[in-house]
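A.B. asks: Now that you have both chains on their own, put them together as the hints suggest.
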Amino acid sequence: MTAPRATTVALIGVTRRYGSVRALDGVDLTMTTGVTGLLGPNGAGKTTLLRMLATVLAPSDGQLGLLGLDPADPGQRTEVRRSLGYLPQEMGFPSGFSAFRFVDYMAVLKEWTDRDSRHDEVRRVLDLVGLRDLSAKRLRTLSGGQRRRAALAQALIGDPRLLVLDEPTTGLDPEQRAALRGVLSAAGHESTVVLATHQTEDVAALCERVIVVDGGRVHWDGTVRDLVATARGKVWLADAPTPGAQASWRTGTGRHRNVGASAPSDAELVEPTVEDAYLLLLGAAALHRAKGAVGSEVAA
Amino acid sequence: MTTATSGWHADRALLDRYLRGEAGGALGSSVEAHLLRCETCRRRMQHLVDPAPLDLVWARLEDSLQSPRPRLLERLVRRVGVSDEDALLLAAAPSLRAGWLWGTAVALVFAALAAAEGGPHGASFFLVVAPLVPVAGVAVSYGPDIDEAFEPTLAAPYPSSRLLLLRALATLLTSIPLAALGGLLLPSHGWSDWSAATWLLPAVAGVTLTLAGATWVGTTRAGAAVAVAWLFVVAATSASPGTTAGPASLLAAAALPVYAAVTVAAAVVFQARSGRLALMGRNA
Numbered sequence: 001m002t003a004p005r006a007t008t009v010a011l012i013g014v015t016r017r018y019g020s021v022r023a024l025d026g027v028d029l030t031m032t033t034g035v036t037g038l039l040g041p042n043g044a045g046k047t048t049l050l051r052m053l054a055t056v057l058a059p060s061d062g063q064l065g066l067l068g069l070d071p072a073d074p075g076q077r078t079e080v081r082r083s084l085g086y087l088p089q090e091m092g093f094p095s096g097f098s099a100f101r102f103v104d105y106m107a108v109l110k111e112w113t114d115r116d117s118r119h120d121e122v123r124r125v126l127d128l129v130g131l132r133d134l135s136a137k138r139l140r141t142l143s144g145g146q147r148r149r150a151a152l153a154q155a156l157i158g159d160p161r162l163l164v165l166d167e168p169t170t171g172l173d174p175e176q177r178a179a180l181r182g183v184l185s186a187a188g189h190e191s192t193v194v195l196a197t198h199q200t201e202d203v204a205a206l207c208e209r210v211i212v213v214d215g216g217r218v219h220w221d222g223t224v225r226d227l228v229a230t231a232r233g234k235v236w237l238a239d240a241p242t243p244g245a246q247a248s249w250r251t252g253t254g255r256h257r258n259v260g261a262s263a264p265s266d267a268e269l270v271e272p273t274v275e276d277a278y279l280l281l282l283g284a285a286a287l288h289r290a291k292g293a294v295g296s297e298v299a300a
Numbered sequence: 301m302t303t304a305t306s307g308w309h310a311d312r313a314l315l316d317r318y319l320r321g322e323a324g325g326a327l328g329s330s331v332e333a334h335l336l337r338c339e340t341c342r343r344r345m346q347h348l349v350d351p352a353p354l355d356l357v358w359a360r361l362e363d364s365l366q367s368p369r370p371r372l373l374e375r376l377v378r379r380v381g382v383s384d385e386d387a388l389l390l391a392a393a394p395s396l397r398a399g400w401l402w403g404t405a406v407a408l409v410f411a412a413l414a415a416a417e418g419g420p421h422g423a424s425f426f427l428v429v430a431p432l433v434p435v436a437g438v439a440v441s442y443g444p445d446i447d448e449a450f451e452p453t454l455a456a457p458y459p460s461s462r463l464l465l466l467r468a469l470a471t472l473l474t475s476i477p478l479a480a481l482g483g484l485l486l487p488s489h490g491w492s493d494w495s496a497a498t499w500l501l502p503a504v505a506g507v508t509l510t511l512a513g514a515t516w517v518g519t520t521r522a523g524a525a526v527a528v529a530w531l532f533v534v535a536a537t538s539a540s541p542g543t544t545a546g547p548a549s550l551l552a553a554a555a556l557p558v559y560a561a562v563t564v565a566a567a568v569v570f571q572a573r574s575g576r577l578a579l580m581g582r583n584a
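So the sequences go chain by chain: A and B. Be aware that the first sequence starts at 1, since it is given in the numbering used here, and climbs by one per residue. Be aware that the second sequence starts at 301, since it is given in the numbering used here, and climbs by one per residue.
Chain B extracted, bound-state conformation (with noise of 0.2 Å):
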């Protein structure tokens, strides 16, 4: 400080020279030291410091502070190139919450162990439960009753059908993982290694009856409604005389075609009246 100072303080040069990183090593430590000590110096460096860019760091540290590390779930799908937008779309999501998927892989591991004891019937009755493991995850993605703060999201410009789509689809993203691993439980009793995963094609099936249902009742409805005809086919086929199968019947190579069959009408029908999504608050 002996060759640049204004008696015990920094001078604009100094400080200007300091700024810009050209006052070399030691001077530039002997200012920094100063400058922690010296409230008049530090007072005088702040008319030349642009504070845009201070501006912006502060604002970036704000930020990491301000948002807590995502959810693993968020990270995940993140990773596989979701958008950060639309992660958090995602993580609103009452069905992509640990506490649900928790609760859905407890439930398919009881069916798959209840499956194991009960031999062939028991296999077919895991296969026909298995579908309805997602039609619940998207039963319970959206609506009146299921999101918090549903009435501004509804009142909000963001497409409604596709908020639900979206939610939709990550919830069959991570419903069908669960259900294929409680299908790994399953003893073999004559089922090939691909028929385990024949139930894939009732679940889309169900989901997308599911989406275009909620177009006139909402998901949760919807959902419900979708379940209990499911389960008042199985119960229908298996009581039925001329049915050897059971329940397996359903999931039957000849029984495929039908499931995409449904596919395909309920997602024309949720294209139509998708707008419909749009106008869909409580008691609307």
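In isolation and in its complexed conformation, chain A is listed as follows (with noise of 0.2 Å):
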């Protein structure tokens, strides 16, 4: 029997407003260690609930506590932020700045003194993210997915035991996703890994955990297995879109894919993913919003 493991990120009823707009409304959530997956359309509240768990958001009303702080004490935020590894979803470098140097001025920012300790760790997180060898470039010289690699070396500098990542995948090639997830799932043993994401593929391989948050509220949070679980006996393969199927396309064997609330009686039906559950759970005005955001996916 194992021990249960301690609460690292709480949320009490923490809503967090734009003027007149909810970004989140209300939310209550506990995690530990492990990799939980955040999974919502556009405009959910991911990024607003990220950016307070990163302690650079505060709610507007609710309670956080991050790693047993209370990041509203100056003195405890930045405790927090000492055992903080923030991925945010875009993020530009120092101009003129190479890998190295670029995560060399994090590490500095994140209080190593040491120089050759410092120096170190940057080639230890450049080398996890497979960036040693360009570590010398010109960031503005290397590819999307090269640099986006170098902006999650930072986020794991000195093994952070709260890493929150904001679509960290962008940009990667499938070859990169998986040492990633490699990567990530390690961490995963000590730490508590939160990352947002599109790509629900990701969640499947490597969260143990799956939060959906659709306008600003928690509509999901279980497992993986109980997410797909819901799906169970709603997806079916025909040979034409079947009509009051919520959402149906064309695969590349030529059959259509359904998904729907409800099978007809006679239909093929085909072990559910993450996706299918995804869009079940969303609804149809969901679906239509999140179209751009998953469109791409689900046309694969």
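Treat the hints as calculated values from the structure; they're not laboratory data. Hints should not be assumed to be uniformly reliable.
[What the hints assert, rightly or not] Coverage of chain A stretches by chain B, computed from C-beta distances (three or more under 8 Å per stretch; other residues unrestricted):
no., segment
1, 53-64
2, 70-78
3, 98-108
4, 171-179
5, 228-235
Quick reminder that beta carbons are idealized off the backbone N, C-alpha and C, glycines included.
C.D. replies: The structure is reproduced here in structure tokens:
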């Protein structure tokens, strides 16, 4: 019997308003060590939630606890930041910096004052993201995926206990994504890793737990297996789109994959994926909003 | 290789002596030449060498290859005693990059040349424009609209207020000499030598006000507000029928205590509110 894991993230009734818009609306959540995936359409509140976990945004209402500390208190916030790694959704780099120099710069901000040990750590995290050989190159000469990996490297400095990643696999090719999954799953053994993504296959491959957010509220919170189970019996193949199906698309085999609340009695049922369950969960309205974000994956 | 080798290979005792530097000149050179062409002996020697010093040498080599030569400004600040870490933090500031500094210098030269053509009022024009140079520099030294990697910077434990102050100080130290050089281009129209530097006090007051304002609205907006306020005061002074000296009256001795008082008050406000910078992310 294993001991229960300590709570590292706790949100109680957390709301965040931007003017009259509620980006998060009374969210209650707790997290422990392990990898948690955040799914949701654009504008669902994922980034707002991650920015709060990264201590760069305060809740308008409610209570937020991180690593057993209160980030509203300046001293405790600094203490949280000492154990935090954060990769924002969009990120630039200081002009003229190489990957090594940028990660070195971030390591200085993370209080690595000894030059030799700092440089060892910079080399280690660049190695983790597969950028060691390119570390001397100026960032502006690297590809989008390579720059994304440099951004990720800074988040990994010092093996943070809380790792907050907003769409970490954007721009990465399949090989790089697979390598990154290895890094993040290893980090999840000792740390709390929270990642927002539109890549449902990353969630399926990597996350123990999935949280689906829409309209600033949590619509699902549980294991990936349980989420997939909600779509069992609701995904089927047919030679043509089935009227009444919530979503339907032509697959590479020429047949149509249908997702809907009720399959026809003679339907050829197939094993659902995280994506099927996600589409079913959010319903038709959310599916319409999310089309831009997940359309390319659906078509594939 | 005839006396201390087993066949055609160096034996353990000889390699040990070579590694300790005790093989002597001729024998040492022979072992070295042999090692260059003998893989077996090179492999044997690998097990006799402590890898730690080699790793250290390799790490230093990597460091020198991976760390590009620091830019001129970074080298200069290191020369005056700034630590490598602080120099790196300064190097990331947009207001300390060559493009900004060149732009500042060119703008000041044009202002000075325009002032030279404008007689006494032209000179005073330069002196009221000069304080805005460091204000603008501080406005673009830190913040979500300025720093390319602002959010991860904010999420790091390094104090935001210290980073802003460090960059503001460095901006002051680079823009003031530039503005002073511009001042040297001014013709003398009754100004005493020291009075060409009187813009320093409003400059420091403007910078401190920008820092204080940054705790409410960020550096860019605070800097813009200070600049607009200063230009409004200049315009009002020029248009005032009771003022014969025009904008120059803003730099008269009677005005200087006002700038000192503003500086002190703004510094107090910044000190009291600087903690708020730690939560001032994008749209925060």
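A.B. asks: Within the segment 98-108 of chain A, is the number of residues with a Cβ closer than 8 Å to a Cβ of chain B three or more?
C.D. replies: With 8 residues in contact (Cβ-Cβ under 8 Å with chain B), the coverage given for the segment 98-108 of chain A holds.
A.B. asks: Using C-beta distances, would you say chain B covers the segment 228-235 of chain A, given that this needs three or more residues below 8 Å?
C.D. replies: Answer violated; 0 residues pass the 8 Å Cβ test.
A.B. asks: Just to make sure I understand the rule, a stretch counts as covered if three or more of its residues have a C-beta closer than 8 Å to a C-beta of the chain. Does the segment 171-179 of chain A meet that for chain B?
C.D. replies: The restraint on the segment 171-179 of chain A is violated, since only 0 of its residues have a Cβ under 8 Å from chain B and three are required.
A.B. asks: When I compare C-beta atoms, does the segment 70-78 of chain A have three or more residues closer than 8 Å to chain B?
C.D. replies: As far as the segment 70-78 of chain A goes, the hint holds, because 3 residues have Cβ atoms under 8 Å from chain B.
A.B. asks: Taking 8 Å as the Cβ threshold, is the statement that the segment 53-64 of chain A is covered by chain B upheld or broken by the three-residue rule?
C.D. replies: The restraint on the segment 53-64 of chain A holds, since 5 of its residues have a Cβ under 8 Å from chain B and three suffice.
This entry does not satisfy hints 4 and 5, going by the numbered hints stated previously.
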